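Can you make the complete structure from the sequences, with help from the hints?
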Amino acid sequence: MADKDYTFGLAINARAPDNRFDYRLSARAKAVIHLETGESVQYIDRQQVRACPVRDLSASGLRLWSACSLPVGAFLPAVIHLVEGQPDYHLMLEIVWCKPEQADLADASVPPTGYLAGCRVLESGGTEAVEWLEAIAMAMLKA
Amino acid sequence: MSLKPPQPPASQAKAIDYGETEQVLNSIRVPDLPYPVSGDCDTQADVWRALMAQFWQQQSDVRVNDLIGAESGVFSVRQVNAAYLADRLMDVFLTSSGFHLELARRLARTRFYLAWQLDEKGSAAFSDSLLAAFDGLQYWRGWSPGAGRSARMLADQLDDMTVAITEAFAQQKSANADDFFQRWNELTQRQKAQTNHFHDRLLTTEQGAARQRYADQTARALVSRALQGRRLPAAFNDFIEKHWLPLLTRALRDGGIDGSDFRHGRKLLEWLVWLGDPALSDGQRDRLYQVGEQMTDRLLEVWQRIMDLALSANTLYGIQLAMMERMRDNSNCELHSTDACISAIAADLRWLSLKVPSATEINATSGRWYEIHQDNAEQRRYFFALLPDTAEILWTNGTGVKLGFQDFSEFCTQRECGLIKPLQDSVAFSCVLKQIIAVLAAAAAQQKRDRATAAAAANARAEALRRERQQREEQHRQQLEVRKVEVERLQLQAENQRLAKAKAQEEMAWQQRLRTAEKQVFGLKPGHWIVILDSAIRDAGVERMKLAMRLSTRHKMVFVDRLGLNQREFQEQELVERIAAEQIRVLDSGVNFDDTLSDVVGRIRGGHYSG
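Residue numbers (my numbering), protein chains in the order written: chain A, 1 to 143; chain B, 1001 to 1611.
It is worth saying that the hints were derived from the structure and are not from the lab.
There may be inaccurate statements among the hints.
Every beta carbon over 10 Å from chain A, so not counted as near; a handful from chain B, in silico [stated by the list, open to error]: (1) D1046; (2) V1074; (3) S1123; (4) D1254; (5) V1291; (6) V1302; (7) M1307; (8) A1310; (9) H1336; (10) A1340; (11) A1428; (12) S1430; (13) W1510; (14) K1519; (15) A1548.
To be clear about the criterion: a stretch of chain A counts as covered by chain B if any three or more of its residues have a C-beta under 8 Å from a C-beta of chain B, and this derived list gives those stretches [said to hold, decoys possible]: (16) 27 to 38; (17) 48 to 62; (18) 72 to 80; (19) 117 to 130; (20) 136 to 142.
Pair by pair, the computed Cβ-Cβ distance ranges are [unchecked claim]: (21) R1415(B) / V72(A): 50 to 56 Å; (22) R1538(B) / L141(A): 46 to 52 Å; (23) L141(A) / A1364(B): 50 to 56 Å; (24) V72(A) / K1484(B): 44 to 50 Å; (25) L10(A) / Q1379(B): 31 to 37 Å; (26) G85(A) / V1485(B): 46 to 52 Å; (27) D1534(B) / V72(A): 27 to 33 Å; (28) V72(A) / L1533(B): 30 to 36 Å; (29) M1153(B) / G85(A): 53 to 59 Å; (30) D1425(B) / V72(A): 45 to 51 Å; (31) V72(A) / E1574(B): 48 to 54 Å.
What you are looking at is a predicted structure, and each value in this text was computed from that prediction instead of being measured.
All C-beta atoms, glycine included, are put in the ideal place defined by N, C-alpha and C.
Laid out in structure tokens, this is it:
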């Protein structure tokens, strides 16, 4: 669990671990990202697709957890599932950063429990970037 | 005059703002907690209650949020926040309480009860009886499980609490728990009153005893010092030890070291020793007579004054004889070393240099709990009072039972070397509660403002993108129209000018190809592939690339390789021309990542993938 030392609320902006400046909504969503695509692939095998739990969301991006490291700088297609029973969002993500999630921050020799990655949602034509923005606005208002 | 009926004294519970607690529960988002995306996620209260009841039944020592994080279900924002608030409250309160680990552990489990109640009732979860019982816990700071009969009482309460809360969960009524908290608080109050009574009595007794001890030890030390290295007639030794020492003790006890009684008694002791030891007085015969003549009267007078009765003739006889013998010229009285006498007195000379701590030192250390490490064991002791006469600490168990004395100086030394540690100052539960609610309410209000701003910005951005998208479609339509007109014009021209027919046809074919390419480029979506046929324009030899992003306003397209890397940008027009010139071809995009990913998402939801 985060905030084990209960510092949340004591200092404004004390926790800003990535590069997004806009408000981030702590929420659990699901992202499925496509690590590798080919022009004639009919079948997607396990290695190429990864389901990642989302930790927080903002209009311009999201932070997700992944069991393995993600390639920084890569543009990857992804489907985001926000709310049960509502449509998914097909987007392009840019992996901006990826860091090991350390269970024990003081001891670097402990292997990481996974990786956290900051992703930018690319406002590209041909994706559902507009619908995504509207969904995020709605989620912010209904949070 | 006010018409209002008299109000009961406001308890701490009333100080907690209902609205603030509701705001925290319903809207705050603490980083990394498992909130659903939507705030109006519908989850059933009885599922939550059953889950909390289960954790309580297990008497788990884990945080609520750690436990629910491992559950597969979805919980509402309010439930996740109820868990967070219960965790934060109990953890912060108990960390600052200084309670024995066992007590802290047992109390910490009430987090499950709080998490249930907070979800169901909001700030009403903090009932008056619960707050009173938790605030009353300060009284039990010295508690440790191995402290005998007095420890049993709280241990029983903790067992009763387990039963009462289990009942509350089973009956779905907080009244079961509240009744218990009420009884617990009453018991604490009774215990407190009893302890105060015990402490008062103990202090009176121990102060008297300390005074007596001080008088006795100080008198012994003073006499012992006065006799050091002297040789006196036997009757002198005997008189001093058996009569004058008790007199000095009494004078010290009743009037203290600065009292006139003690001053007189001490002066006479000095004269007696001077008189008795020829080494001191034989050189001053005149003075010897003078002192000797007055001595009997002075002894009688001081004795009468301090002991409140006459010195018996018998007692006086022996010392009088010895004094007269000392006053005779060529006196030849038998002298004895004072060593035997000193050893009989068994004095501890340290009492003469007794250092009484200052009021500041006492204030800073007394009335507090300490943990004492001795022989690999720990004991909690309460520094109940400093006995000023003996500069000793009177330790108790916090419930009015004496645990022992300790020299203040020894206490200071042991504190310095870590054998004695003060328990940290503890903060009452209701104070911790108020602080946490205030901090979180402020954060929740800030988040709400931030979310409104973020929503407005996202909506504005969506609107702008939508407009761009429409503009782009319109532009494309116009472009195709222009191209069509151009082809028609060329066709006409070809018919009219037979000579230039070949050139015009060539131009027309080019325009046709451009038109096809424009359609293709317009239709390209992220995930679609192109192949670069002309090796001269390949980047690092990469032949096949897929579209990753298209920036409509800037007419820019970004392509990447199959791993999403090695970006390459094309202007739309450049791409159109290269396709028309057959340097680049749009591959038949048989794979639409949308479709395949949707398929995968479906399979993951169906449980075929674990990621």
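Status of each hint after checking the structure:
{"no.": "1", "hint": "D1046", "in the structure": "holds, 20 Å"}
{"no.": "2", "hint": "V1074", "in the structure": "violated, 8 Å"}
{"no.": "3", "hint": "S1123", "in the structure": "holds, 17 Å"}
{"no.": "4", "hint": "D1254", "in the structure": "holds, 59 Å"}
{"no.": "5", "hint": "V1291", "in the structure": "holds, 78 Å"}
{"no.": "6", "hint": "V1302", "in the structure": "holds, 71 Å"}
{"no.": "7", "hint": "M1307", "in the structure": "holds, 68 Å"}
{"no.": "8", "hint": "A1310", "in the structure": "holds, 77 Å"}
{"no.": "9", "hint": "H1336", "in the structure": "holds, 74 Å"}
{"no.": "10", "hint": "A1340", "in the structure": "holds, 68 Å"}
{"no.": "11", "hint": "A1428", "in the structure": "holds, 18 Å"}
{"no.": "12", "hint": "S1430", "in the structure": "holds, 18 Å"}
{"no.": "13", "hint": "W1510", "in the structure": "holds, 27 Å"}
{"no.": "14", "hint": "K1519", "in the structure": "holds, 15 Å"}
{"no.": "15", "hint": "A1548", "in the structure": "violated, 4 Å"}
{"no.": "16", "hint": "27 to 38", "in the structure": "holds (count 10)"}
{"no.": "17", "hint": "48 to 62", "in the structure": "holds (count 9)"}
{"no.": "18", "hint": "72 to 80", "in the structure": "holds (count 7)"}
{"no.": "19", "hint": "117 to 130", "in the structure": "holds (count 8)"}
{"no.": "20", "hint": "136 to 142", "in the structure": "holds (count 7)"}
{"no.": "21", "hint": "R1415(B) / V72(A): 50 to 56 Å", "in the structure": "holds, 54 Å"}
{"no.": "22", "hint": "R1538(B) / L141(A): 46 to 52 Å", "in the structure": "holds, 48 Å"}
{"no.": "23", "hint": "L141(A) / A1364(B): 50 to 56 Å", "in the structure": "holds, 55 Å"}
{"no.": "24", "hint": "V72(A) / K1484(B): 44 to 50 Å", "in the structure": "holds, 46 Å"}
{"no.": "25", "hint": "L10(A) / Q1379(B): 31 to 37 Å", "in the structure": "holds, 35 Å"}
{"no.": "26", "hint": "G85(A) / V1485(B): 46 to 52 Å", "in the structure": "holds, 49 Å"}
{"no.": "27", "hint": "D1534(B) / V72(A): 27 to 33 Å", "in the structure": "holds, 31 Å"}
{"no.": "28", "hint": "V72(A) / L1533(B): 30 to 36 Å", "in the structure": "holds, 31 Å"}
{"no.": "29", "hint": "M1153(B) / G85(A): 53 to 59 Å", "in the structure": "holds, 55 Å"}
{"no.": "30", "hint": "D1425(B) / V72(A): 45 to 51 Å", "in the structure": "holds, 48 Å"}
{"no.": "31", "hint": "V72(A) / E1574(B): 48 to 54 Å", "in the structure": "violated, 28 Å"}
In this structure, the earlier hints numbered 2, 15 and 31 are contradicted, and the remaining ones agree with it.
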